[in-house]
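Asks: Protein sequences appear in the order of chains A, B and C. Residue 121 in the numbering used here sits at position 121 of the first sequence; the count goes up by one each step and never skips. Residue 385 in the numbering used here sits at position 118 of the second sequence; the count goes up by one each step and never skips. Residue 1085 in the numbering used here sits at position 595 of the third sequence; the count goes up by one each step and never skips.
Simulated from the structure, these hints should not be mistaken for laboratory data. Be aware that one or more of the hints could be misleading.
[Stated by the list, open to error] No more than 20 Å apart at the CA atoms, straight line, and that leaves these computed lysine to aspartate or glutamate pairs for EDC-like:
id, chain 1, residue 1, chain 2, residue 2
1, B, Lys377, B, Glu472
2, A, Lys177, C, Glu527
3, A, Lys69, C, Glu527
4, A, Lys252, B, Glu461
5, A, Lys69, A, Glu205
6, B, Lys377, A, Asp253
7, C, Lys1212, A, Glu60
8, C, Lys855, C, Asp1156
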Amino acid sequence: MKGSEIVQLIDTTLCTACRGCQVACKQWNENPGLRTKNWGSYQNPPDLGWNTWTLVRFQEYVDSKGTLKWLFRKDGCMHCTDAACVKVCPSGALYHTEFGTVGLNSSLCIGCKECIAACPFDVPRYHQETDKVLKCDFCYNRLKGNELPACVKSCPTGALSIGRKDAMIEKAYRRVKQLGGDANVYGDKFVGGTHLIYVLGEKPEVYDKLPTRPAVPLTIIAWKDWLKPLSLIASGGVVVGAFLHYLTHGPKDTGGDGDQTDQGGGK
Amino acid sequence: MIPQKGMIKVSDAFERIVHWCLAISCIILMISGLGMMFHSFNFLAIPVGGLKNLKLVHNFSGLIFIPSLFFGILIWWKEAGVFDFPDDIEWVKCAGGYLWHVDNPPETGKYNPGQKAFFLAVAIFGIIMIISGIIMWFSLSFSAGTVRVMYFLHALGFLVIFPFFFIHLYLGTIGVPGSFPAVVTGYVSRSWCEKQCSKWLREIEEEGKLEVFGEEKTVVEHH
Amino acid sequence: MTNHWIDLQHSDCILIMGSNAAEHHPIAFKWMLRGKEKNGTRLIHVDPRFTRTSARCDYHVPLRSGTDIAFLGGMINYILSSDKYFKDYVVNYTNASFIVAEDFGFNDGLFTGYDKDKKKYNKETWVFEKDFSGNPKKDPSLNHPRCVFQLLKKHYSRYTLEKASSITGVSKEDLMKVYTDYGSTGTGTRAGTICYALGWTHHSTGTQNIRTMAMIQLLLGNIGICGGGVNALRGEPNVQGSTDHCILYGNLPGYLKMPQASHVSLEKYLKKYTPVTNDPQSPNYYQNYPKFYVSFLKSLFDDKGTPENEFGYSWMPKLDDGVPYSLMHLFDAMYKGTVKGLFSVGTDPAVSSPNANKVRKALEKLDWLVSANIFDNETCSFWKGPGVDPKKIKTECFLLPASASMEKEGSQTNSGRWVQWKYKAAEAPGEAIPVGEMFIKIIGAVQTLYAKEGGINSEPILNFKCDYHDRSGNFVALEAAKQINGYFLRDTVIKDKVFKKGQLVPTFGMLQDDGSTCSGNWLMAGSFTAGGENNMTKRGKDDPTGLGLYPNWTWAWPVNRRILYNRASCDINGRPYNPKRKLLEWTGEKWVGDVPDGGWAPMADKQNGKYPFIMKADGVGSLFGPGMAEGPFSEHYEPYESPLSKNPLSSQLNNPALHVFDNDMDQTASGSEKFPYVCTTYSCTEHWCSGALTRWQAWLLEMQPEAYIEISENLAQEKGIKNGERVKVSSARGFVKCVAMVTKRFRPFLVEGRTVHQVGLPFNYGWLFPEDGGDSANILTPSVGDANTHCPEYKAFMVNVTKV
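Here chain A stands alone, though its shape is the one from the complex:
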């Protein structure tokens, strides 16, 4: 699989929320388990965290026919092609790997949290103690070693799988066709295509914390794609302009008549 664009397919209709992925992720990445409280949900920790890069979300949902459903969604970095986090990262800590995924070189991270604000999926998390932002890196080190990401490796039901991008997208659409109803593929149509795509059993808007039309935020585009070059042009412009001004126009004459030769004498 080395050297090609890789996509992880999360088939939520096969997920049993065993959370093997959630634990395997922590184990491989040596993230600690923290003391939590039961807050009236199986979903724990309640949200993604600096130590929780992937989280199975639990959601009770009654559909229009009155049928109770319990929706499980493995949340985490979507590894966007058009990744807002990479766009804003000042240090290059966040980068696109050769697999198309979004890697994270923690040693470069300066804890500016720009990525946290930029991410349309609300994924990166800040760790106060180390002043670093952390998120799933698709087990880049495992991919390099031709191993499956820890979460995929742990999945007992085949809800998680990885493969070449086109094959995975094809697989997803095949599955959706088989499932019928509201089933849909989520992820291949926005932010340049994510490298983590879902087969959802319900419409995207049904799911908690899942943006229906995720995009790189306009403010981020305005900032990075418009203001950045513009400020370069402007800054360069004035520097060059001033130089040219000096050359062509010359310094302003602020000496009085004779003053410049009579500086020593004063008035």
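For chain A, the structure is supplied; the task is to place chains B and C on it using the hints.
Replies: Quick look at chains B and C alone, frame taken from chain A:
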């Protein structure tokens, strides 16, 4: 740079301290900001030992910038924050003679409209920079949408401030010789004054508030 | 399991009932999902609670805890009254056609032969009429009014849709949906299977729950076929392996029976447990019982057991006749002060046993307690538990650090009876050693002491062979495994083949009752080849049938058979009922496919042919039989603690054969307003059994940090309880405090015209760790158990829930 006899006092010590606090913090902020804004300027972090330190430098320079701007606005808003109609319009029409030859540029007060624009840009966008900067610093306490707007404004602030800043730097040094002492010693030559702010000079002389180096303060008594 | 994990995918319809397979058998559930995904398997979940299993099934049907027999009885009624049964199978492979004795009867919830005072049945009338040759009389037309089929039909005709709905709280529509879906498998070409677990066993009618389903499977022709069977889901605690090796008090290894006091001689014992038949077509494989038992004695006593001393039979401990020795009885005896010492190995009864307060009190009466575990637990540290003053505890406690499963070599048996060898993956930390090693060291020391000092009844101890160690005294699992498989003890010739003394017995068919073979567990004979090759290490991936039997992947008992009773997958001529899933086929000379249940010809051959259910004396599946304590058919009885004060089906409220404890800590409250809610207990995926191992694991604890109770939105509203609030849950025996999880996944039931709320909570928390994680839900559960196994009724009892 020792003031010579007959030079005119244009700034007091407090003003000059504020100016330099503002100037230096601004320079550091812009350089460090630039180092973080563009990967190609990441090298700017080398002297401070890495981007992380650069972030700290940026954040803490911001803390100096805040009071500096505050006092700066207090000091200059009257002289630089208010346009003088219609004279200033005339000045703008001929760009103060900076860009093409103008025989007799309109007279200006202590600060010409260019400087006023610079002041207003720094004042307004400085405040925006401070607010957005603080929100960015403590971004986790704000919604992502808010923070994103702040990043935009912060970048916009740079876009506005830097050109003004650089022009100010240029004109304050080699662009207009004789200007620089104004923020060092506080004294400039009378001829500089006559060229740069003749109206002010006149007014202050009339008011008898002119302070000239080497002379006793002239006190004009009105009868 | 009659079948095996991989086989689940071949089912057309899987009924998951009494199990939360997705949460507790996640790997097994993969195969069910695969069936759903690839073969269109219909997955049905019937359970009081909507669980992660329900989420992945085609649909979920909620049912009130403890009413499974009413649900399934309704299904039998549906199958019989709508002719959905597989007639060919029922006539030939079950005792449906057998004529039952004239004086057998059933009236108002009781079968004939009930002794009210002893609370026991005399089973004399639960028999068949015999013909002149001593075989049961049959009516293959199934019309005889006293044939099993007609009695069955009559018995379950009482389980009408209305009745079943009213008892179970399941809507009639939902009942019909399940009945029609599952009933559709009663053809030769469709397969249905049941996956159950502790949700069926943990009832005062647990064994009958399973038996009812076994009857359904026989009626639908679903036993012995690919994608069928009765499948108890056993998991990582090695339940299958430990049961095979007699974790239950009434068993010896290989499901041989513990001798009782009245079995004064080996002959008497063997006569009792060796079934006989006069039907030449019935293989009656248990006629070999003496061979299995004598070989077992030889494995214990080796050359000290001789024909003269009945191979040491007199040294075997005997149970008092009719006295149960279950876990509950053990703690009851301890509570009464008659049990003085306890070895608690790999278990945490202070959390996992019913009526935990009583268990904890009972522990205080011990002189000594030895706990062998990988962590300290609530049992070993009971002396510093809540409300206990350590100064007043006389019990001397020892904690022996044990190595974990991955820190030792040995075999592990999965639910499909695959006995797989595993190797040590890591060294155990510190002084931890395998439990087997503790065992041989303790036995060794005891034997030395007895040899030196003598003692009462020293023979069984001194003559016990227990030398499974290397020269430095370390336990060698492989040696124990070989002894379990069994050896030839002298040179033997079988079918012209010579086996030397000391060679391993390659199959239990070669075991002898003359002392020439030994085998610690006859079922395991064949786990090694005669040459000593360990079949349990085989990892061949070839699949000649294409049905995922993988005959060369490890070894399965018995004799590597992957699906039990597999001869029943073919008609009486040996032609497979379902040619698409051809498990076995008779070629005219031999069977091809899985390892057949005996190589005999199919039963149509009156000379050489045999019936398929070879372990039954009559050779057929028993729709009617004397095996159970509470009746030859199953009958719905309310749980011991129930919201009803009257059984809607009869005036017999509870299981008539129940054994009930009567000391001061065994309070119960049935039909009481004080405890109005039906409660069930369970574990969760994130913790393992009592949580004694997993609560120390930060990653797991983070996901399920503390005790909680799941309650419906309706009940929460009624009681003013908000999601995440703390509540007190109390029963007649005690109370626990925990977090309320208000959920749509529990819904109130309409039972006998009134609303009955059901709640449930996990039992896998304990006071020891984490400190603020809450205590065991077993403080609430009653010490009441199934009448056959005394498996506690953890799954249906009454509680109250109040805001703290």
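Asks: If a hint holds in the structure, say so; if it doesn't, say that too.
Replies: Okay, the hints, checked on the actual structure:
1. Our distance criterion of 20 Å between C-alpha atoms is met by Lys377 (chain B) and Glu472 (chain B), whose separation comes to about 13 Å.
2. Of the pairs offered as hints, the one joining Lys177 (chain A) and Glu527 (chain C) holds, with about 12 Å between alpha carbons and a cut-off of 20 Å not exceeded.
3. The hinted pair formed by Lys69 (chain A) and Glu527 (chain C) meets the criterion: a straight-line CA distance of about 18 Å does not exceed 20 Å.
4. For the hint linking Lys252 (chain A) to Glu461 (chain B), the alpha-carbon distance of about 13 Å falls within 20 Å, and the restraint holds.
5. Proximity of Lys69 (chain A) to Glu205 (chain A) is assessed by CA-CA distance (about 15 Å); at most 20 Å being required, the pair is judged to hold.
6. Distance restraint check for Lys377 (chain B) and Asp253 (chain A): the Cα-Cα separation of roughly 18 Å lies within the 20 Å cut-off, and the hinted pair is therefore satisfied.
7. Restraint check: the Cα-Cα separation between Lys1212 (chain C) and Glu60 (chain A) comes to about 16 Å, which is no more than 20 Å; the hinted pair holds.
8. Proposed proximity of Lys855 (chain C) and Asp1156 (chain C) is supported: the alpha carbons are some 17 Å apart, at most 20 Å.
Violated hints: none; the structure is consistent with every hint.
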